[in-house]
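From first to last, the protein sequence lines are chains U and Z. Heads up: the first sequence begins at 382 in our numbering, then just goes up one per residue. Heads up: the second sequence begins at 354 in our numbering, then just goes up one per residue.
In case anyone wonders, no lab produced these hints; they're calculated from the structure. Just so you know, not all the hints are guaranteed correct.
As the list claims (entries may be wrong) - Only some residues are given here: those of chain Z computed to face chain U with a beta carbon under 10 angstroms:
{"id": "1", "residue": "I364"}
{"id": "2", "residue": "V368"}
{"id": "3", "residue": "I379"}
{"id": "4", "residue": "L382"}
{"id": "5", "residue": "Q399"}
{"id": "6", "residue": "V401"}
{"id": "7", "residue": "I484"}
{"id": "8", "residue": "T486"}
{"id": "9", "residue": "Q497"}
{"id": "10", "residue": "R553"}
{"id": "11", "residue": "P603"}
{"id": "12", "residue": "Y634"}
{"id": "13", "residue": "L640"}
{"id": "14", "residue": "A644"}
Claimed, not checked - Cut-off 20 angstroms, straight-line C-alpha distance, at most; resulting in silico cross-link-like pairs (SDA-like, lysine to any residue):
{"id": "15", "chain 1": "Z", "residue 1": "K550", "chain 2": "U", "residue 2": "Q644"}
{"id": "16", "chain 1": "U", "residue 1": "K420", "chain 2": "Z", "residue 2": "Q477"}
{"id": "17", "chain 1": "Z", "residue 1": "K534", "chain 2": "Z", "residue 2": "L568"}
{"id": "18", "chain 1": "Z", "residue 1": "K513", "chain 2": "U", "residue 2": "Q644"}
{"id": "19", "chain 1": "Z", "residue 1": "K550", "chain 2": "U", "residue 2": "L564"}
{"id": "20", "chain 1": "Z", "residue 1": "K513", "chain 2": "U", "residue 2": "L646"}
{"id": "21", "chain 1": "Z", "residue 1": "K550", "chain 2": "U", "residue 2": "F610"}
{"id": "22", "chain 1": "U", "residue 1": "K420", "chain 2": "Z", "residue 2": "T486"}
{"id": "23", "chain 1": "Z", "residue 1": "K550", "chain 2": "U", "residue 2": "P603"}
As the list claims (entries may be wrong) - Listed below are several chain U residues computed to face chain Z (Cβ distance under 8 angstroms; list not exhaustive):
{"id": "24", "residue": "S528"}
{"id": "25", "residue": "L532"}
{"id": "26", "residue": "V537"}
{"id": "27", "residue": "L542"}
{"id": "28", "residue": "L546"}
{"id": "29", "residue": "L601"}
{"id": "30", "residue": "F624"}
{"id": "31", "residue": "L649"}
{"id": "32", "residue": "T650"}
{"id": "33", "residue": "I662"}
{"id": "34", "residue": "N671"}
{"id": "35", "residue": "F672"}
{"id": "36", "residue": "G674"}
Where is the CB? At the ideal position from N, CA and C, for every residue including glycine.
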Amino acid sequence: MSMTDIRVNPTTRIMDATQMIESELEERYTQQIIRRFRKNRLAVAGLVVIILLIFTGLFAPWLTPHNPNEVTAVFSASPSTTHLLGTDQVGRDVLSRLIYATRISLIVGFITVSIYVTIGTILGLISAYYGGWMDMIVMRLADIFMSFPYLMVILVVVSILGSSLTTIILVLALFSWPTVARLVRGSVLSLKELDYVKAGVALGLSPARIMFSHILPNALGPIIVNATFGVAAAILSEAGLSFLGMGIQPPTPSWGNMLSDAQSLTVLTNQLWLWVPAGSILLVTVLAINFMGDGLRDALDPKQ
Amino acid sequence: MLHYIVRRLFIAIPVLLGITILNFCIVNLAPGNPVDMFIDPNTPQQLVEAKKEMLGLNDPLIIQYFKWLWQLLQGGFGYSFSSFAPVTHIIGERIGPTLMLTSISLTLGLLIAIPIGILSAVKQNTRFDYIITGLSFIWTSIPQFFLGLGLIYLFALHFKILPTGGMLTIGGDANFADRIKHLILPVSVLTIAIIGKKIRYVRASMLDVLKQDYLRTARAKGLHAFIVTNKHALRNALIPIITVFGMEIPLLLGGSIIIEQIFQWPGIGQLTMQSILSRDYPTLMGLNFIAAIIVLATNLFMDILYFVADPRVKYN
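Based on the sequences and whatever the hints tell you, model everything.
See below:
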């Protein structure tokens, strides 16, 4: 017992010391990122909008003036004091539906991205780290998935599988991972040639440990940026699918399916409240996320 | 160079095969089958079975796949389930309008995005640069259908100077001016989406190049700023832009579905929607396959172009 204690203790103490220095450096590093991010006013504004939207989604039941699915006697009523943004063609309150639709967009955006970024990161890491036939297979798979025009293939698959929220998320993720895999592969290919990774190999660390705790943290920047833009893209895709009638099905409100009504010329000309608010909030959401992504890119990549 | 091209073509073969497999899998995920959908429920079961047998729907999937592949090798995609015309014929009729729409938008996008992007980079951090960057953010973030509807509202319904949709005025004489009028709105939506993204890309690529030492040298030896930017810098900045415009093709083909739906443009996007609604699997398979081939071919072409344009690219 005492023998091992003597042998282990000094090393652990050194490890502790280095870890302390490391965490201190890391803190300074994150502070630097936050400082650079805060300098970009548009990015901060984007972040604020996103936080507001998340709160809107979370507290939707308390914020809505009416039940979003409640059918009232007034169809297509123009905005009034009872219905601030009017009612739709079946007499439901537009504002309440807009608020509830925030949930769908945020769920689709965040969950889709977490799924495909995880898959893409793992495949990209493995592909670049092992190389050879593994790399060949993963990259050819990526090529195959990327050959299908994004919206077109998603539309076809969702229409075949039936459009539920889960299906939409899974299908969007299935056709989105290749970009992340390629991105991660690219950075890992250059990182794995660096001395500290070779040192890890020489120390006999397991490949999993080298990949996930040594290489991945250094490749994280571009992944985070890509994921942020990905949230915006996923939200737009869901809205597009719902607009075409192949996404979220009414009565569940989604900004996309609310805009779908405007395909009729009467709605487009005379009932602006049915489509302008939904389209504008979608634009603001996507814009906010893109601004934030841009700010993150500048903050995480000091080269620019 | 020939070595590189041949290698690149060889890599494309498994991808092409993969595309056919994935494409076949997608369409066969469908529960139920088209015969049950179309046939009157009172039809005797024997007739239904006979129809299924005729369409080859009773074969095991793998057999169906090879049958489809064999058909494909002979240059056909089979027959549409809804109109019974050959799929190649149906797609052939519709691909022209889509190609017209996308190629015009892509060309316009290039012609607008490259000069503006360069100017934005050269005038980095000026008011012009900020305005352009802000606009490009809005252009990339605006949903295509929202922009499309907004333009229809403004120009077709409010000002009544452009048609709401279609390719030609029905019953009108199909002259050039009429065609242009119908093109303006859909082309604008697609072009705006392209330039929004590309301006920032051209700007970033140009900024990268402008920082290089050889440009400082060129300026230091007294070359005119115009020549430095448009000859020395532009050449190198344009190389990565080639590939990025190539990457735009799948997005354009996908995006054309929404545009064609809004503007009732009779292209393959609209055909896709119609085939989805009528569960016309052979047409969907054909559409997906052709779209994938177009994408694969453009990528191949862009890679080779990149290789030719930039002698620094090595192959291994």
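Against the structure, the hints:
Interface restraint check for I364 of chain Z: the shortest CB-CB distance to chain U comes to about 7 angstroms, inside 10 angstroms, so the restraint holds. Look at V368 of chain Z: its Cβ gets to within about 5 angstroms of chain U, closer than 10 angstroms, so that hint holds up. Given the 10 angstroms rule on beta carbons, the hint for I379 of chain Z holds: about 6 angstroms separates it from the nearest Cβ of chain U. Hint status for L382 of chain Z relative to chain U: holds, with the closest Cβ pair at about 5 angstroms, below 10 angstroms.
For Q399 of chain Z, the interface hint is violated, since its Cβ never comes within 10 angstroms of a Cβ in chain U; the closest pair sits about 28 angstroms apart. Checking V401 of chain Z against chain U by beta carbon gives a least distance of about 21 angstroms; that is not within 10 angstroms, so the hint is violated. For I484 of chain Z, the suggested interface contact is broken, since its CB lies about 13 angstroms from the closest CB of chain U, more than 10 angstroms. Interface hint status for T486 of chain Z: upheld, as the beta-carbon distance to the closest one in chain U is roughly 9 angstroms, under 10 angstroms.
At its closest, the beta carbon of Q497 of chain Z sits 7 angstroms from a beta carbon of chain U; the interface hint therefore holds under the 10 angstroms criterion. About 9 angstroms separates the beta-carbon of R553 of chain Z from the nearest beta-carbon of chain U, less than 10 angstroms, and the hint is met. Of the supplied interface hints, the one on P603 of chain Z holds, with its beta-carbon coming within about 4 angstroms of a beta-carbon of chain U, less than 10 angstroms. Interface restraint check: Y634 of chain Z against chain U, minimum CB-CB distance 9 angstroms, threshold 10 angstroms, status holds.
Interface hint at L640 of chain Z: satisfied, since its Cβ lies 8 angstroms from the closest Cβ of chain U, which is below the 10 angstroms cut-off. Hint on A644 of chain Z holds. Least Cβ distance to chain U is approximately 5 angstroms, under the 10 angstroms limit. For the hint pairing K550 of chain Z with Q644 of chain U, the CA-to-CA distance comes to about 27 angstroms; that exceeds 20 angstroms, so the pair is violated. Between K420 of chain U and Q477 of chain Z, the direct Cα distance comes to roughly 17 angstroms. Compliance with the 20 angstroms bound is thereby established for this hinted pair.
At most 20 angstroms may separate the alpha-carbon atoms for a hinted pair to count; K534 of chain Z and L568 of chain Z exceed this at roughly 45 angstroms. Between K513 of chain Z and Q644 of chain U, the direct Cα distance comes to roughly 17 angstroms. Compliance with the 20 angstroms bound is thereby established for this hinted pair. Proximity of K550 of chain Z to L564 of chain U is assessed by CA-CA distance (about 19 angstroms); at most 20 angstroms being required, the pair is judged to hold. For the suggested pair K513 of chain Z and L646 of chain U, the alpha carbons sit about 13 angstroms apart, so the restraint of at most 20 angstroms is met.
Taking the CA atoms of K550 of chain Z and F610 of chain U, the gap is near 12 angstroms; set against the 20 angstroms cutoff, the hint holds. Under the criterion of a C-alpha separation no larger than 20 angstroms, the hint pairing K420 of chain U with T486 of chain Z is consistent with the structure, at around 17 angstroms. Distance restraint check for K550 of chain Z and P603 of chain U: the Cα-Cα separation of roughly 18 angstroms lies within the 20 angstroms cut-off, and the hinted pair is therefore satisfied. Because the closest C-beta pair between S528 of chain U and chain Z is about 4 angstroms apart, less than 8 angstroms, the hint holds.
Below 8 angstroms, beta-carbon pairs count as interface contacts, and L532 of chain U has one with chain Z at about 3 angstroms; its hint therefore holds. A cut of 8 angstroms between beta carbons decides the hint on V537 of chain U: the least distance to chain Z is about 6 angstroms, and the hint holds. Hint status for L542 of chain U: holds, given a least beta-carbon distance of 6 angstroms to chain Z, under 8 angstroms. With a least beta-carbon distance of about 18 angstroms to chain Z, the hint placing L546 of chain U at the interface is violated under the 8 angstroms criterion.
Violation of the interface hint for L601 of chain U is found here, the shortest Cβ-Cβ separation to chain Z being roughly 21 angstroms, above the 8 angstroms cut-off. Proximity of F624 of chain U to chain Z holds as hinted, the smallest CB-CB distance being about 5 angstroms (cut-off 8 angstroms). Interface restraint check for L649 of chain U: the shortest CB-CB distance to chain Z comes to about 6 angstroms, inside 8 angstroms, so the restraint holds. Evaluation of the T650 of chain U hint against chain Z yields a held restraint, the C-beta minimum of about 5 angstroms falling below 8 angstroms.
Hint status for I662 of chain U relative to chain Z: violated, with the closest Cβ pair at about 10 angstroms, above 8 angstroms. The interface hint given for N671 of chain U is met, as the beta carbon of that residue sits about 5 angstroms from the closest beta carbon of chain Z, less than 8 angstroms. The interface hint given for F672 of chain U is met, as the beta carbon of that residue sits about 7 angstroms from the closest beta carbon of chain Z, less than 8 angstroms. With a least beta-carbon distance of about 10 angstroms to chain Z, the hint placing G674 of chain U at the interface is violated under the 8 angstroms criterion.
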